[in-house]
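Q: Chain residues, written in single-letter form:
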Amino acid sequence: MTAEGASRVAASRGGDRFLGRPISPLTRRRLDAFRANRRGFWSLWIFLILFTLSLFAEFIANDRPIVVRFDGGWYFPVFVGYPETEFGGIFPTAADYRDPEVQKLIEAKGWMVWPLIPFSYNTINYSLPSPAPSPPSHVNWLGTDDQGRDVLARLIYGFRISVLFGLTLTAASSVIGVAAGAVQGYFGGVIDLGFQRFIEIWSGLPVLYLLIIMASFVEPNFWWLLGLMLLFSWMGLVDVVRAEFLRARNFDYVRAARALGVPDRVIIRRHVLPNATVATITFLPFILNGSITTLTSLDFLGFGLPPGSASLGELLAQGKANLQAPWLGLTAFFVLALMLSLLIFVGEAVRDAFDPRKVSV
Amino acid sequence: MAVAPCSGQGQALDPRFRGGDDTYSAGLLYLEETAVTEGPGGTPLLDIRDLAVTFAGRGGAAPVEAVKGVSFTLDRGETLALVGESGSGKSVTALSILQLLPYPLAMHSAQSSVRFAGEELIGASPDALRQVRGDRIAMVFQEPMTSLNPLHTIERQIGEILLVHRRMSARAAGERILELLRMVQLPNAEGRLGAYPHQLSGGQRQRVMIAMAIANEPDILIADEPTTALDVTIQANILALLRDLRDRLGMALLLITHDLTIVRKMAERVCVMTEGEIVEAGPAAAIFDRPRHPYTKRLLAAEPKGRAAPADPSAPLLIAAEATRVWFPIRAGVLRRVRGYVKAVDGVSLEVRAGATLGVVGESGSGKTTLGLALLRLIASQGRIRFAGRDISRLSERRIRPLRREMQIVFQDPYSSLSPRLSVAQIVEEGLRVHNLAAHPAERRRLIEMALAEVGLDPRVADRYPHEFSGGQRQRIAIARALVLKPRLVVLDEPTSALDMSVQAQIVELLRELQSRRGLAYLFISHDLRVVRALAHDILVMKDGHIVEAGSTERIMTAPEHPYTRALMAAAFDLAPAST
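Here the protein sequences come in this chain order: H and V. Counting with our numbering, you get residues 18 to 378 for the letters of the first sequence. Counting with our numbering, you get residues 895 to 1474 for the letters of the second sequence.
Looking at chain V on its own, in the form it has when it is part of the complex (with noise of 0.2 Å):
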């Protein structure tokens, strides 16, 4: 688990010390008061106090506060919601509540106090706490396929919690599986008893971890970003699940996440967290309608904001493709004989002009990514693609070689895709090198400062190793090292996913200015219809492999067509499951 330095105070308003503004105490006092002494049992289910969490420094550095003092409350049946951006603590803060942190190189300070239902749990013996874990209070983490143990059966893996706990017996345990497996909506759940999660798709595993969370009826869920790694209409239906089985079972959901439309639809109460401390907490509809804190008013106006400024209709036509196919064969049978094909484009045609940017949007599978790199050349694919009037489509790698500088490509994951043993001037300078762009190292030197001042970077951090950088920061460095080529066509497959709202705000910014000063051509591979709106002349929808639709974004946001479509918009800008 990666945790980013904390430094600097920053305004931390402790909501039981400070004082300040009336208004902004008054509406804190109302917030004391009604979960103190209103709450149903009298004291709150779950009391965090003046939390701590200090990870110890190896090698020499310095130790690092990952939460400074944290207190809020849950009662029985309500929703709180932890919102920050990455970094900020709070996964943290959900771990320390079930005492899941490695210690003992985490430390908790020793003020802090984690209770439950009037049990300490922070010391507690691990006999008490695994009475706890599991039990009464449960945790859906954020990866569903590093969550579930890759070598067993999910029958297995939700029966060990029953096993543990319950103690029942074997037949008893598969009826209450099957009882779970359909609360959770999990489709032929008496087929798919016996799959590996490798074996389901992103929403059905997380469906099976939630429904080993809920097995044992507990009193609190823990949902750590439970939706981050899913796609838009998945993500409304489990959230929907979530929603159903709080009101059915009477569960306290503390829910922890980064963005914030999940936070309108689900939660009754938020505490907004940076930098390991809480700095506003209060009802959601206080929160979205009267924010006070800087930090909130800065998170709540960190979408994406604006239009891609107005594309020049002749502009000369950069990439054409036609019919693109791209089928994978399935291999079968001792022989390996080809048995069939998955199809992961399925005849796609699009255009791109000059200076302006296509979108292409379509849930995970639907073949966008695959149709990025086909038209890069970097897969195999058939069909005809022209580069700038060239058909590029049949030549041989070598004469493809010194097109590649005109069309770059910038991933997704900016944590992987910047190679860990080269400073960011090697990285940077390495397409310099292949396609011998400048005349000597100095000229190299100076094209890669120049680079990376374009994207925003101080060019004195060339020296340094993609580590030290933020995520942030690492997707400008995949952008520059794509720019010093000078291309003229940049594929970008889902640059913002792994980044926080405003941090795509900001990249969204610079890849708007780098498009109006250079004349670049995108292709916006993305999922999330915001950055795309923000962004993309014209949209592609797609699922399948097919396109579903196309049309101008306008067209598109205010007027879709196609059923698909108009379930997609519902799911990204409205959260509304849909109905199956």
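Excised from the complex, chain H in its bound form (with noise of 0.2 Å):
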């Protein structure tokens, strides 16, 4: 039985579905076109290994055991602090499980388990063969920066922020600007015109400037730049949804539904949404794209996440002022174009099959 021969089946029995929610007939072939794209689905795969192995980043790299069985007990050092004391050492600080008189402390009484990396984005190895920043070696696989800091460490620290920046401002400057085109192009009239206008100052202003300015009164963390930059990303899908709202709201299934006595807002979600988000899901994985893409830049710059934290814009900035250490900048380059082509490969295949020349019921 084809694909199609199973859907119908499925069709037939009641509910077709994919990851437990019932899809119609179309969805189910726009699944099918995408899987069928196989650059685009295995893209898909990697990127999502990948960013689920960076979420685990605590586990992989860090200056801290994972689990360490000591005299009998059981000690978690990735989630909590102990003092050098708990393990029969002389200070009451923070153990440093790096320094070679713990290390014999515990092993006496026990053993730990390291991370693949021992190293976390800010653990200074002070250990160098050669100084700062140090070619690749043994112990750092893709060497250090300029303070001696684990660049394989800061790479996995410093994608995932990325990721987890991009994916949040897409979604929510997705959902923001769905909504700002949903009300302009349903409701048209004084409404859209206000908008619209409001829409061309407002993405006049300079972002840039704004982000230099704020950040001489605040020190911009993830969830300042995050804001800011809100404020001027939801423009992005307002044009795309306000046309297709303009235009399906003619459409004689929502006149329909008006005269059943459906509110606008029912309207709006069931009836006229679906259409708009056909350009929304093509566009979403380049927003992504995009959005990695600021904070990176915006950390190249520095005007991005304050100074310490591990960041991919960061380290190609480093790679910019360390010429004679390619190891840098060529580790960050590959790392960014990696993440950005799997990303715009899934974006063409979720646009192929979207596209209602190739794949239509």
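Calculated from the structure, these hints are not laboratory results. For every residue, glycine included, the Cβ atom is placed at its ideal position computed from N, Cα and C. Keep in mind that a hint or two might mislead.
Said to hold, decoys possible - Calculated Cβ distances over 12 Å to all of chain V for the following chain H residues: (1) Thr-44; (2) Arg-115; (3) Ile-208; (4) Arg-368.
As the list claims (entries may be wrong) - Computed spacing ranges between beta-carbons, pair by pair: (5) H/Ile-208 x V/Asp-1352: 42 to 50 Å; (6) H/Lys-375 x V/Leu-1229: 57 to 65 Å; (7) H/Thr-69 x V/Arg-1293: 48 to 56 Å; (8) H/Phe-204 x V/Gly-1144: 57 to 65 Å.
Said to hold, decoys possible - Chain H is nowhere near these chain V residues, computed Cβ spacing over 12 Å in every case: (9) Glu-1111; (10) Thr-1122; (11) Asp-1307; (12) Arg-1340; (13) His-1361; (14) Phe-1467.
Grab the two chains, each in its own frame, and use the hints to assemble them into the complex.
A: What follows is the structure, encoded as structure tokens:
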């Protein structure tokens, strides 16, 4: 039985499902078309695996062991901070598990399991064979940056924060953009005119200068940056959603729903929004791409995350400042190129799957 | 172009091969002789043999055989009508003649042959085809709005044909264009040369299309449902124009239609097509007087029949409108000041009683749809509207909402009035959810299935999607959506216009039955007088926003008083062109 036949049978049983939710035959065809695009499909899987791994960065690259068995007790330094005296040391300060003395103390009465990379993003390797930035060795697999911090660890943490920033910014700006477009397109008239004029003015404001100004009052962290970028990036989707709504509000089935007495907000959600989601979903991977690049560029310029945070942009900046240490620039470049390429491939596959000329019912 | 899947064999009778009944084959033998040996030039002008068209299935679907072995001939100066319902394959046949199908998705069988003046067109080179198209064989399509380029003036579009085939100079072309526009009787031809298609009415656009088609005096004119999208009076005029041009220019006319009245008036020979095959062919008179094939008999009998069951004159007044006006402001100038009004509905008063049907008849632009929407408070209007004794004209949207249960509407186009992303169950239950008519989902499901059964659909189709149904079935779903709320008044806005004749008859039957069973009142808006006659107790005739005549159906059908009503009747039942 072909995929078509299977889905028809499923549909006749009262519901073709994907991830547990019932879907229409058109959605089924779009999913099949996406799956048929091998490059996009595999890119999505690779990206998801890399992202999931990076979510567990604390377990992969950390300067504390994951689990310690000491003197009959279980300790989890990944989650909880223990003082050195806990292990029989002298100082009541936080135990530095990289210190050979502490390691000797622990190994005397137990064992510990280290993560794959025994450095966190801000751990300085004091026993470098050559001055920082030092080239890749068997201790620091991708070398260290100009402060002696492990590049691979910074890469993993940096990848995580870039993607999280990108995802959050994309999600939030899409929601706001779609809502704004929907309201303008559906109600039209003065609301539409006013909002459009507002968007014209608002999009003329210089974002970078505002960021610099903001950086002089507050220390920008993840949330401040997110907030400010959100203030301006929601306008990307408004045009396309507004156009769809302007078109769809005159459709017969919308008039029929009004005649049934369905309230406006339900009509927007149930009847008109699905038309707009085609364009929105097609744009999403590319918006995500842009959001990730935004944070990277801000970090590169020095207006992004506070100094000391791991980020790809900062690694790029260091690479530029230390051309004699090519592993810095090259690493950051390849990771960024890989990540953005994966997203582009996924985006192309999504675009083809949602193209009404290629996949229609 | 939508092609319905053809399945089943049916009773195919290829005129050249089957014997069978003696009288039948004798009649066909007669046809064969006259066509082949007694034609003016010896060989027929257009000779189609065994034409078969198959569309490749996409995404794993089975291939669709749209046309299965069709054969007919066309001689110089004769008129052949290809009759059939939607999905029968007649448009695909016409497009095959000029090789306009979407190849390579469409495929012809190895034996298919289309010969024009001895030259084989299937597989001909693009250059050879270009010489034939527009010059020796021309085509007029169904929808003039989508067949004309919206960005070019009509002068430029007609000029294009002349330029490509005749290579005329600009001045000579200009004169010829004016001559053509006068031939097709476009009013004020010189003034309208610079007009864009959207500035012309439907009938005028079709005239422009005909002018483009006859520009090079083709040998054959293929007209694919040329008047289906037009009003009844305009229809009559366009057909008279085609007849006149055919006689003057000596063209052969291949007329494709589903409307038998047109065939009666225009055609010399008729081929009846269904499911991709020609089931009967012969002279028009023979087909109409002595149809042989069961499908032909069904087609001829497929007019909406019967009359509305008598209504109770003392039934309570359900909806009454007094001096309803819907005026749309025309805003012009920099400050968008109101310069005037488009008076879509200008002072219409009407009454509908429970259990009765009021038919509102008029052509496009008469304001009947606007009137229906205004009565349901879907668009703003002035004047008083009383529903079941209560004045609803000034109520807010929120107060009207509970009343919407009682007054429902069925729209014209079954293809666009059902949301393509919702299943049938979701479409029908929408009203139930809004008005909280079911206590829990199981109860809702039961009501949905009852509504579907009532309109003649299998309740098990509730989880399918609209695209899996035919036009008639979709219209039934739309009716179920309206009925599930148990309304008292249903406004039917041209519910059968987009459907085939036989399906129209079924829907009319269904509506009549529902009315008698449930005591519904209908406001039936239509331009098709035959359907209105079968369903309405009283009729209102509208023109330009006014009521021109009102009365009971019998009186208006038998003795119309107003000249416009008379012209409408003549055009609808007799295709008599209006004298302009």
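Q: Each of the hints needs a verdict: does it hold here or not?
A: Cross-check of the supplied hints:
no., hint, result
1, Thr-44, "violated, 9 Å"
2, Arg-115, "holds, 58 Å"
3, Ile-208, "holds, 17 Å"
4, Arg-368, "holds, 18 Å"
5, H/Ile-208 x V/Asp-1352: 42 to 50 Å, "holds, 45 Å"
6, H/Lys-375 x V/Leu-1229: 57 to 65 Å, "violated, 47 Å"
7, H/Thr-69 x V/Arg-1293: 48 to 56 Å, "holds, 54 Å"
8, H/Phe-204 x V/Gly-1144: 57 to 65 Å, "holds, 59 Å"
9, Glu-1111, "holds, 38 Å"
10, Thr-1122, "holds, 19 Å"
11, Asp-1307, "violated, 6 Å"
12, Arg-1340, "holds, 15 Å"
13, His-1361, "violated, 5 Å"
14, Phe-1467, "holds, 30 Å"
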